[in-house]
Amino acid sequence: MRKLDYTTIFFAIMGSFLFLFILVPIANLMISADPSSILNNLQDKEVMSAIFISVYCALAATLIAVIFGVPLAYILARHDFAGKGFVEAVIDVPIVIPHTISGIALLLIFTSTGVIGAPLGQLGLVFTDAIPGIVVAMLFASASFVVNSAREGFESVDPRMEKVARTLGSGSFKTFFIITLPLAVRSIVVGSIMCWARAISEFGAIIIIAYFPTTAPVLIYRRFVDFGLSESTPVAVILISLCLLLFLVVRLIMKGWRTYDKN
Amino acid sequence: MIRIENLSRDWEGFKIKQVSLDVKKNEYFVILGPSGSGKTMLLELIAGMWPLDSGKIYMNNEDITNAPLEKRGIGFVYQNYMLFPHKTVFENIAFGLKLRKIGKKEIETSVNEMMKLLNISHLKDRLPRNLSGGEQQRTALARALIVYPKVLLMDEPLSALDRKTRDELMLVLKEIHQKFEVTLIHVTHNFDEALQLADRVAIMKHGSISQVGDVEEVFRHPANGFVANFVGVENIIKGTATMDGDVTEIDTGNTVIVSSEQKTGPVHITVRPEDITLATQKVATSARNVFQGPVKEISDLGTLIKLTIDIGDPLVVFLTRQSFLDLEINIGKSVWTYFKATAVHVF
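Quick note, the sequences are listed as chains A and B, same order.
For what it's worth, the UniProt record's numbering labels the leading residue of the first sequence as 1, then goes sequentially.
For what it's worth, the UniProt record's numbering labels the leading residue of the second sequence as 1, then goes sequentially.
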């Protein structure tokens with residue numbers, strides 16, 4: 001057996017604190033709900049619709065984040081320009097500000113009289129207390145996961161490889177799609193899943209801009225306020241099971257995914 | 001063939017300064033310089049990977065200064081190969097042909113031929129990460145050559161390889177140079193590569209070119225102190241080597257010089273002047289190389305005197321001032337030179 005030195009043992013003891021701090025509450029939550037009440041809730045239309053709205057809106061937010069975030073990530077990975085630091089900081093801002101503040105900031109411009117809400121409202125796109133409001137709240141809170149992860153992916157692809165592809169006759173746009181993207185796709189997928197998971201769990205911004213239609217975190221909050229722990233716990237268990245299942249599936253897929261050594 | 005005029009570019013902390021070169025069709029041109037001299041930058045500028053601050057690039061008299069890199073007909077091979085890691089050897093080589101919308105059958109035939117030429121047919125379905133350095137470089141060469149570039153730029157193509165593989169690949173490069181109608185520009189810091197491969201050589205220093213010329217000319221007559229220090233060799237002689245037992249005999253056309261290094265075929269040899277002994281009479285010695293000839297040139301370097309002796313080929317020998325006076329040497333005087341077979345370095 002490998003001999004462990006005191007430093008390793010000490011650090012392992014210290015480190016396991018955080019691990020357990022996260023694991024114990026989640027594990028406890030999973031076992032504390034009464035199975036029959038979980039079954040009842042699974043048949044509850046309100047619960048199922050809330051979970052569906054959460055998953056579906058989060059997926060929409062993630063798609064938008066990928067469409068606009070991947071090009072941004074590529075620019076940030078490949079170019080230096082004046083104000084780059086500012087752009088990077090702005091992308092990360094939603095992570096550091098309270099989500100209720102994000103909600104207020106979004107509401108101010110997406111409300112029916114706001115700078116974006118007013119013109120889009122005339123086209124029939126309403127944000128307050130509507131699905132689009134949930135999507136923008138989710139997008140705001142979680143887009144940075146896609147940008148940062150995709151950027152790391154692009155940075156791991158040597159720009160000289162792209163240049164060699166171009167000397168062989170591939171245009172720059174084509175090179176991106178046949179060389180760079182396939183090599184960075186793993187990071188982009190990981191970032192998207194983080195983005196999706198973060199979007200499903202968004203609460204603070206959503207209750208400000210779109211309390212209705214009810215998303216799963218909002219429903220759990222409402223059940224807790226109205227009826228207490230016993231009513232909110234089963235819904236919480238259902239939602240967290242779903243999230244963990246997705247997380248697990250994705251981990252398994254990623255594990256089987258071929259990774260390439262950097263040259 | 002490819003002509004560059006006053007190429008300049010300023011990077012943060014590094015500059016390419018007013019570089020002009022004229023490389024002829026089918027020439028093997030080597031740019032030799034110490035690391036940090038800007039050789040890679042220069043190649044990347046020629047390939048069109050960076051915009052120029054000033055200067056012009058012409059290919060067959062056509063201005064390609066602003067042409068996008070995929071339209072230049074310039075191939076590029078990097079020191080660390082830059083193979084596409086998600087593609088097999090076959091797919092890597094086929095890459096350029098696929099872009100040209102060539103039929104599947106035709107691609108397969110060409111790629112197979114190219115793999116055969118470079119001796120990598122057995123690696124067809126392997127991914128780059130499962131290849132040795134030499135195999136990767138052969139694949140990279142195949143990938144670049146299969147689209148028949150007019151000019152192939154190679155950035156330190158042999159530097160990451162071990163000695164044996166490097167020697168093998170040098171032969172491959174020679175073969176490619178003969179078989180393909182391609183102008184080769186090869187950048188290196190390695191003196192041997194220049195000697196073995198180059199038709200002409202340019203010496204680069206701090207982002208500018210110090211000297212351009214035939215290999216022997218540059219090595220024998222360095223234009224300045226930097227070139228002399230970097231490549232300067234006093235005695236460099238061309239010849240054909242044949243093995244004779246455990247030694248190599250190099251026939252220069254005028255004399256036969258013996259070396260303990262083993263090599264055959266067309267070679268260059270160098271002998272350091274300090275390894276050569278001089279006498280005014282024939283003496284008994286263990287040295288395998290003994291030549292008699294007249295003194296052609298005497299130049300005073302201060303503490304040392306440099307003599308050029310005609311032994312059929314010119315041979316440079318250094319003497320201290322005292323020995324020079326003791327031997328009573330003057331121009332035209334016949335002297336004996338001795339050097340051991342181990343002192344003869346064969347390239």
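Hints may contain errors.
Here are the simulated DMTMM-like cross-link-like pairs (lysine to aspartate or glutamate), alpha carbons at most 20 Å apart as the crow flies [as the list claims (entries may be wrong)]:
1. A:K174 <-> B:E91
2. A:K84 <-> B:E12
3. B:K98 <-> A:E162
4. B:K263 <-> B:E181
Because the hints were derived from the structure by calculation, they are not lab data.
| query | Given the hint that B:K98 pairs with A:E162, does the C-alpha gap stay at or below 20 Å? | reply | 16 Å, holds
| query | Hey, A:K174 versus B:E91, does the alpha-carbon distance stay inside 20 Å? | reply | 16 Å, holds
| query | If you draw a straight line from the CA of A:K84 to the CA of B:E12, is it 20 Å or shorter? | reply | It holds: about 17 Å lies between the C-alpha atoms, which stays within 20 Å.
| task | Verify the proposed pairing of B:K263 with B:E181, using a straight-line Cα cut of 20 Å. | result | Violated - the C-alpha atoms of B:E181 and B:K263 are around 28 Å apart, more than 20 Å.
This entry does not satisfy hint 4, going by the numbered hints stated previously; all others are met.
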